[in-house]
Amino acid sequence: MLEDLGMLWATYNTLIYSIGVHAMLALSIYLTLSCGLLSLGNAAFMGIGAYTSALATMKLGAPFYQALALGALFPAIVALVIGIPTLRLSGVYLAMATLGFGEVMRVVFLNMEITGGAMGLNGVPMKTEFWHVVTAMSLLVYGFVRLRRSKIGRAFEAIKQDEVAAKTMGINTTYYKMLAFVLGAAIAGVAGGLNAHFTYFVSPREYGFDPAVDILTGAILGGTGSFVGPMIGATILALLPELLRFLAEFRLAVNGLILILVVIYLPNGIWDRRLLAWCRPWGKADTEGEAEEVPCLVSKG
Amino acid sequence: MFGQQVANAIALGSVYALFALGFTLVFGVLEVINLSHGAVFMLGAYAALVLVAKTNVGIWLALPIAMLGSGILGLVIDQVMLKPLRARRAHHLMPMIATIGAAIFLTNVAQGLFGAEVLRFPPGTIPELSFQVGEVHVTALQLSIVLLSLSLMAGLVLVLKRTRLGKAVRAVAESPQTAHLLGVNVEVVFALVCFTAAAFGGGAGVLIGLSFNAIFPFMGQPLLPKGVAAIILGGMGDVRGAMVGGLFLGIVEVMSVAYLSSDYRDAVAFGLLFVILLIRPSGLFGQVVERKA
Amino acid sequence: MLGIEGLSKRFGGLRVLDGVSFKVPEGSIYGLIGPNGAGKTTLFNVVTGLLNPTAGTVSLGDRELTRLPAHKITRAGIGRTFQNIRIFPQMTLLENVMVGMHDQLSYGLVSTLLAFPYHRREERKARERALELLSWVNLEGKATLEAGGLSYGEQRKVELARALATEPRVLLVDEPAAGMNPAETEELMTQLQNINGRGYTILLIEHDMRLVMGVCHGITVLNFGRLIASGTPEEIREDPQVIEAYLGKDDGDGGVLAQDQ
Chain A
1 MLEDLGMLWA TYNTLIYSIG VHAMLALSIY LTLSCGLLSL GNAAFMGIGA
51 YTSALATMKL GAPFYQALAL GALFPAIVAL VIGIPTLRLS GVYLAMATLG
101 FGEVMRVVFL NMEITGGAMG LNGVPMKTEF WHVVTAMSLL VYGFVRLRRS
151 KIGRAFEAIK QDEVAAKTMG INTTYYKMLA FVLGAAIAGV AGGLNAHFTY
201 FVSPREYGFD PAVDILTGAI LGGTGSFVGP MIGATILALL PELLRFLAEF
251 RLAVNGLILI LVVIYLPNGI WDRRLLAWCR PWGKADTEGE AEEVPCLVSK
301 G
Chain B
1001 MFGQQVANAI ALGSVYALFA LGFTLVFGVL EVINLSHGAV FMLGAYAALV
1051 LVAKTNVGIW LALPIAMLGS GILGLVIDQV MLKPLRARRA HHLMPMIATI
1101 GAAIFLTNVA QGLFGAEVLR FPPGTIPELS FQVGEVHVTA LQLSIVLLSL
1151 SLMAGLVLVL KRTRLGKAVR AVAESPQTAH LLGVNVEVVF ALVCFTAAAF
1201 GGGAGVLIGL SFNAIFPFMG QPLLPKGVAA IILGGMGDVR GAMVGGLFLG
1251 IVEVMSVAYL SSDYRDAVAF GLLFVILLIR PSGLFGQVVE RKA
Chain C
2001 MLGIEGLSKR FGGLRVLDGV SFKVPEGSIY GLIGPNGAGK TTLFNVVTGL
2051 LNPTAGTVSL GDRELTRLPA HKITRAGIGR TFQNIRIFPQ MTLLENVMVG
2101 MHDQLSYGLV STLLAFPYHR REERKARERA LELLSWVNLE GKATLEAGGL
2151 SYGEQRKVEL ARALATEPRV LLVDEPAAGM NPAETEELMT QLQNINGRGY
2201 TILLIEHDMR LVMGVCHGIT VLNFGRLIAS GTPEEIREDP QVIEAYLGKD
2251 DGDGGVLAQD Q
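Protein chains in written order, with my numbering: chain A, 1 to 301; chain B, 1001 to 1293; chain C, 2001 to 2261.
Since the hints were derived computationally from the structure, they do not count as laboratory data.
Simulated restraints, written as ranges between beta carbons of each label pair:
{"hint": "1", "chain 1": "A", "residue 1": "V141", "chain 2": "B", "residue 2": "L1147", "range": "58 to 64 Å"}
{"hint": "2", "chain 1": "A", "residue 1": "P241", "chain 2": "B", "residue 2": "K1167", "range": "47 to 53 Å"}
{"hint": "3", "chain 1": "A", "residue 1": "I114", "chain 2": "B", "residue 2": "F1218", "range": "23 to 29 Å"}
Virtual Cβ for every residue (Gly too), placed ideally from N, Cα, C.
Extracted from the complex, chain A is given alone in its bound form (with noise of 0.2 Å):
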């Protein structure tokens, strides 16, 4: 048995890590969308973070952490730098500036001596190990559950359905724009540190408006209504390619149509409360009325 589980992991490890690397990014995403904020430019940060980490570890000589540290530090100033002309208008400004930024960092990524142009970065020490995503994940998780429950949680729900009424009920809306922004750049900065050193290669093709718009996609598909869905959906994005082989160069164009479909017939997408119904990890036991039980954002102690 141990036997079977270690010929599973040998096989499948790569697929792992890369599902666990990719849900950080969906979790970084889901951030901003969760603000109501549509980043485009999330992988460009995730590249960003890889570039740097890997070159903190390759030519400084940096111990992992602080590598990793780097990593999620460089991202967060550029979407500090990106978002103060753009968060302080509407949403729109931020998706067509991010989708901009992406552009530029693809361009930069593959011009750039440092970067190694076009070859990409050879040679990143291997440093990421298993425990590492298990833990940054299990980390943000468990951040994601806690701010749910806070006045932050709330301030970002609130922007997202409605950012005028949430002015007027006293919260700095540019401020938690921000916030989410620079957080989820953060995050997403962590998550191409780790892939940096899993895969020991940086690659400029990793990290540009294609991953950037697969990760969306895994997000919508999974539903923004909470943290899962986009994990859920990153994880079956992840999985799709493996499963449509047979599709050929025409696979790709069915991220494209499930993109579509989703957002055309099911919104809150696969991890929607009204779907699943049935199942209440959070619910009460009687409903009154027709409205109905949704999982709280209020702290129940």
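Place chains B and C on chain A using the hints.
For chains B and C alone, kept in the frame of chain A given last:
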């Protein structure tokens, strides 16, 4: 040399303006950021290529046919994707996300059908003529591009300003509810705008495909941020602004390639975009959007 | 208490507000009425910081609030409800009201993440207060239901409770009786008076004249962005300019001001 760059810049800028115009029309009237505009642009180019290469149709007929096809595609996108979302009063970011899906779908289908390699128009598609204007060497291609783009844009502006249809479109852009109350068939206007915008996008695709003689599935991708930069520069939803923005962008890009570095060509647009957002987010012609209650 | 001085707002060439000045006395229920399009909601939007005025000032007590960002104005003590009801449809009633308590909660990110007891205590106090506010509008029984599924009238009440959660010194209420039947309007009148009785100053936009005449201590009338009258309900009822504004001519019988809407 400088004059030459200006000629190149104007040619490129007028196509960017055409592309940006389609983009801004959909935003101004439907309030949707249509990120499939780049894919429609690309398919327009492929359509023209197929027509020219596989049939005896010359480029001058292939262009309008490609534009028609693109227009129909834009119409389909509106009816199949955007209309149900309107009916459902979905969150305003949803249509944009749906158009991303459409872009992915169309781009990958194109790649599956045509392959990822760069394809070229057969030689002789455009006559190899050129004119000397002073020191500047203007090709027939550049001339046609500028003339075509300008006439299409002028045509659009005329329709918008002088015809009843144009008035209806402007009314819907201002407020769909009010326009509806005044008797305008808002859905028809939406459909028409999507058709026209896509036709312009497809046309721009053909022209860019001819300019660089390169057609490949991802050719629309760098154009989206440029379209975005153009409309933010000119003022979101403003028709004049899109044209000026596109032109300006083309000029800046050509100049930066000529005098700075060509590697970062695609990044110029974003740099510009960022600067505008910092200084004057409403753009040249737009109005500062008052926070609504 | 709430001072509006020379407030003007122009949209392009359109003067939506033109030199409006009046004061809302502390502890009163004050009405703001006028025909549709008179600029009443615009006035609310300017006072709450969602719009910047072209001219004029807004002050609360002796503190000037003009041009402050909306969230700071709320913190200074101005709460509001919206004409079109802007509750958060996908949150429970309890959560909606707790959003209003945002500024009353002083814990930060670190406390939240590390689950300090301070955080827990604050959350619990907030929850209790939210339930209390919901009880003022008789909705505490539905606290855990999703707001989007409630009836129109109930959603209005939730908005009231939520606005109260911001601990306002002045509460701006925008057409609370819209769409209500007479029984609901009666209940609303009582609730408004109760809230006022607890010490909250209320500035009320409303079309239902029975409600306005019934609860307001003072009234200001706007028409075409200008103030045309200010005074007690009796004075306003008799004022010929007001009557003309509502009817278009003076036919002597008080017209719409004497009837139910």
